[in-house]
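Asks: Okay, here's what each chain looks like letter by letter:
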Amino acid sequence: MDNPGYTSLTRLSGLAREMSVVANNIANISTTGFRSEGLIFAEHIAATGRNEPSLSMGSAIGRSISAQQGALEQTGGTFDFAIEGEGFFMVESVAGQALTRAGAFIRNDFGELVTPEGARLLDAGGAPIFVPPDARGVALAPDGTISADGQPLTVVGLYMPNDPLELSRQSGTAFTAESGYVPAENARVVQGFLERSNVNAVAQISRMIEVQRAYELGQSFMDAEDSRIRDFLRTAGQRS
Amino acid sequence: MRALDIAATGMSAQQLRVDVISNNIANMSTTGYSARRADFADLHYQQMTRAGAINAADGTVVPAGVQVGLGVRPTAVTVTWQQGTVAATGGDLDVAIEGRGYLEVTLPSGESAFTRDGALQRTGDGLIVTADGFEVNPGITIPTDARAIEINASGEVYASYLGEVEPQLLGQLNLVAFSNDSGLEAIGSNLFLETGASGPPLVGQPGEDGLGTLRQGYVEQSSVDSVREITDLIEAQRGYELNAKVLTAADQMLGATTQVR
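Going line by line, the protein sequences match chains A and B.
In this text, residue positions in the first sequence follow the working numbering: the first is 645, and each later residue adds one.
In this text, residue positions in the second sequence follow the working numbering: the first is 63, and each later residue adds one.
It is worth saying that the hints were derived from the structure and are not from the lab.
Quick reminder that beta carbons are idealized off the backbone N, C-alpha and C, glycines included.
It is possible that part of the hints are untrue.
Which residues of chain A face chain B? A few of them, derived with a C-beta cut under 10 Å, are [unchecked claim]:
1. Asn669
2. Ile670
3. Asn672
4. Arg707
5. Gln718
6. Phe754
7. Thr759
8. Ser841
9. Ile853
10. Tyr859
Computed list of chain A residues with no C-beta within reach of chain B, every gap over 10 Å [claimed, not checked]:
11. Ser698
12. Leu766
13. Glu829
Covered stretches of chain B, as calculated for chain A (at least 3 residues, CB under 8 Å) [what the hints assert, rightly or not]:
14. 75-82
15. 100-111
16. 136-146
17. 258-269
18. 298-308
19. 314-321
Extracted from the complex, chain A is given alone in its bound form (with noise of 0.2 Å):
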């Protein structure tokens, strides 16, 4: 295969992997506190040597979380807590502590406030919250003090990372940051509430169908390509 070959296969091979990313976040339209995700292209530039133009390639090289806020659903659970703002609940789970904005949490047999697949949500402080089995009435203030019978507990934790771009994504709608995190200063939490993910169908589908138009195009650029060479081939060879 020539250079063209070459250079459409980069785009088809972005275009593939930015296709998963938008099934990814169409398959996700319904889990609480998703973030969507989008795939960054950059030029890749090659020199093809003296006097030549050089050969120009596209390829993915990063991504980008949308940052925008979920719609909120009610649900009236006392312990289904929702984000507003910038922030994340931090929860401990055996492989160490993630970030999450998926608020759904229940109370586990020791008293404390788990994400259904069990890992810890921490306060403010850092350690797990503990409420007791006997409370009649626990709620939740927007600054994130939780209070069992008008008796305050606790401060729910909200973070955010060190470094607002490094976000490594984990299964189980967590995330995690190598540099570390913050106290995140100007979110708002809100009880009886879970946040929606945040993918906008619309959006995802105009993507999905700009994707696979072009991965046609780069389709029938190969075809034209080959036919193109398969010409020459056959010129050349009626020549000699």
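Fit chain B to the known structure of chain A by using the hints.
Replies: What follows is chain B alone, placed relative to chain A:
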């Protein structure tokens, strides 16, 4: 084409959601039923370029990297514990639980099960049982010559007799709490079993230790909110269609690939 598999996980997730919704709607009139909700989380992420890796071309550090998610999976079907409406029935053995707690019943196997369905009955011998005939624990027998039965908010059961002024105490209906209600195992017939996650049953008198109170002559209705279930159903259906669209598009891309000569 990864997108095909990813769309398939999305479709099966929406399918599960429809299953949960249809079970809720089917139990719209079930006494003491609590609506269930399916919770989802994203699946594993495949690392394409690690965040913080050094870009080979110019030596800069890649700030975000490329990770491709592999779809969605169900994490839990949570029972949403909300007090259902209490409806007046006038039955002397109908008790609605207002607040937390369950009645304990004994299964034929001798095991204990727990229910919020307080539409109780009596057997020919006067024993208090549930509508399905499971004995309520602790067992209380109502004498055949009792004229009226009264159950007060704290669970004391009294019988009044013809010619007697003071009603007589027959026994005490207890309530049982769990530290983690969501950990209970539903076995149908409005019954739940204790599991390792729910914690042990904590028996107490109604109105004490955070337990709810009893209300005679009422039953707790299903807490299913039909408007909510229908909007969820519409959402699940559209979500399914969106995922099906992705499946079609990914298939067409795959078709285009095979057409490259």
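Asks: Each hint should be assessed against the structure and marked as holding or not.
Replies: We went through each hint and held it up to the structure:
Of the supplied interface hints, the one on asparagine 669 (chain A) holds, with its beta-carbon coming within about 8 Å of a beta-carbon of chain B, less than 10 Å. The restraint placing isoleucine 670 (chain A) at the interface with chain B holds, with a minimum CB-CB distance near 5 Å, inside the 10 Å limit. This hint holds: asparagine 672 (chain A) has a C-beta 5 Å from the nearest C-beta of chain B, less than the 10 Å allowed. Hint status for arginine 707 (chain A) relative to chain B: holds, with the closest Cβ pair at about 5 Å, below 10 Å.
Residue-level restraint check for glutamine 718 (chain A) holds (minimum Cβ-Cβ distance to chain B is 9 Å; threshold 10 Å). Residue-level restraint check for phenylalanine 754 (chain A) holds (minimum Cβ-Cβ distance to chain B is 8 Å; threshold 10 Å). With a least beta-carbon distance of about 8 Å to chain B, the hint placing threonine 759 (chain A) at the interface is held under the 10 Å criterion. Proximity of serine 841 (chain A) to chain B holds as hinted, the smallest CB-CB distance being about 9 Å (cut-off 10 Å).
At a threshold of 10 Å, the smallest CB-CB gap from isoleucine 853 (chain A) to chain B is about 7 Å, leaving the interface hint in force. With a least beta-carbon distance of about 5 Å to chain B, the hint placing tyrosine 859 (chain A) at the interface is held under the 10 Å criterion. No beta-carbon of chain B is positioned within 10 Å of the beta-carbon of serine 698 (chain A); the least distance is around 13 Å. Distance check for leucine 766 (chain A) against chain B: the nearest CB is about 18 Å away, which clears 10 Å, and the non-interface claim stands.
The Cβ of glutamate 829 (chain A) lies farther than 10 Å from every Cβ of chain B, with a closest approach of about 23 Å, so its non-interface assignment holds. Only residues whose C-beta sits within less than 8 Å of a C-beta in chain A count toward coverage, and the segment 75-82 of chain B has 3 of them, enough to reach three; the restraint holds. Given as covered by chain A, the segment 100-111 of chain B passes the check, having 9 residues with a CB less than 8 Å from a CB of that chain where 3 are the minimum. Figure legend: the segment 136-146 of chain B, annotated as covered by chain A; annotation consistent (6 residues with Cβ-Cβ distances under 8 Å, at least 3 required).
Counting residues of the segment 258-269 of chain B whose C-beta sits closer than 8 Å to any C-beta of chain A gives 5, which meets the bar of three, so the coverage hint holds. Judged by the Cβ-Cβ criterion of 8 Å, the segment 298-308 of chain B is covered by chain A as claimed, because 7 of its residues qualify and three suffice. By the rule of at least three residues with a Cβ nearer than 8 Å to a Cβ of chain A, the coverage given for the segment 314-321 of chain B holds, with 5 such residues.
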